[in-house]
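Asker: So you can see what is in the structure, the chains are spelled out below.
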Amino acid sequence: DVKVTQSSRYLVKRTGEKVFLECVQDMDHENMFWYRQDPGLGLRLIYFSYDVKMKEKGDIPEGYSVSREKKERFSLILESASTNQTSMYLCASSIAGDLFFGPGTRLTVL
Amino acid sequence: GEDVEQSLFLSVREGDSSVINCTYTDSSSTYLYWYKQEPGAGLQLLTYIFSNMDMKQDQRLTVLLNKKDKHLSLRIADTQTGDSAIYFCAESLNNTDKLIFGTGTRLQVFP
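Here the protein sequences come in this chain order: Z and U.
Position 109 of the first sequence, counted from 1, bears residue number 109 in my numbering, the numbering being contiguous throughout.
Position 108 of the second sequence, counted from 1, bears residue number 1108 in my numbering, the numbering being contiguous throughout.
Hints were generated in silico from the structure; no laboratory data involved.
Keep in mind the model is a prediction, meaning the values are calculated, not measured.
Keeping only pairs whose Cα atoms sit at most 27 Å apart, straight-line, the calculated DSS-like set for lysine-lysine is: (1) U/K1098 - Z/K71; (2) U/K1098 - Z/K57; (3) Z/K3 - U/K1098; (4) Z/K70 - Z/K18; (5) U/K1036 - Z/K57; (6) U/K1098 - Z/K55.
Chain U on its own, in the form it takes in the complex (with noise of 0.2 Å):
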């Protein structure tokens, strides 16, 4: 079946920058999806691309997808404590409403 990986979890340190990486396997999603989860909250969408994009920047995120090796990132910018959440990446499954999330990164901010 459909398949959306992601690491566990990631560590920076205040103002570095943080990427997030996420790998998917169906080829015919034509949106990927950045959705974030603060604590105690439910699931915000944060940003998404167009699959025939190479690259979307809104202002300290930035998304790069590789179509070729099905890899998506998120990367955010001079990262604040206020970064700190689950991120999770999904592929939207036959171009329907029907999503597949990866298994979350849990991002931790440190002063």
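Chain Z extracted, bound-state conformation (with noise of 0.2 Å):
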């Protein structure tokens, strides 16, 4: 069965902590993702990778940096967290154009 895990369901930081999420996918996909989920919004692109060591920016990526060293690991970090970046973070993997999504991390920055 398919499975796409994120490190930790609900997280709280504090504003200017480094923050790490972390995604791990177990069907061997090139193409991972991570949106981030606001009400009214829906989901919004913040970086993908199409392979190891390889990423592109989304539509909204300031303030965020990413890390894929294996193929079934990206990781999401958040360098400096402000509390604007409270929010759903979703990670994904696809193949083909279905994308398998993780539980999601919500993360509140006070």
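Hints given; two lone chains; assemble the complex.
Answerer: Structure (structure tokens):
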């Protein structure tokens, strides 16, 4: 069965902290994505990766960076968390247009 | 830029049909998708339609595509309380796996 896991379901951090959100998929997919979901705005793409060590900016990359050192793992990094990054973060991997999503990480920045 | 729009809320009585509408902008999208998000969960692919089709039926779900108007709809027949969720339509950008999602429609089913 297809599986995308995210390291935490809930996370609370303070302004200025460095935050790591981890995502792992076990389907050998080449494509991986990070989205954030906010009420009334839907899902917005932060970064995506089509291969190991490869990354491309999505629609809202400011304040974020990513790392893809291994095919199965795609990490989202908030270098210095801010309150406007409080959101639900969804990771996905894909093949042939079918995206498989993780359960999400609800991040609160105080 | 590309934009996908949906109404935010829909409320229906159990047993009635639900129709969720979506408009999109990228006319080159080969596939258009409907995803479902249940409370506290990630998104799950519900169904999709190939752009050269007008309609696709899958059990209680019917997808209608009007390419001329760039309008996509999802009809759920005999709506059940278990159908309560947020429904997202999505188009693929330049026929890649990079999807542009709508704002999501929250469907509430009441007895």
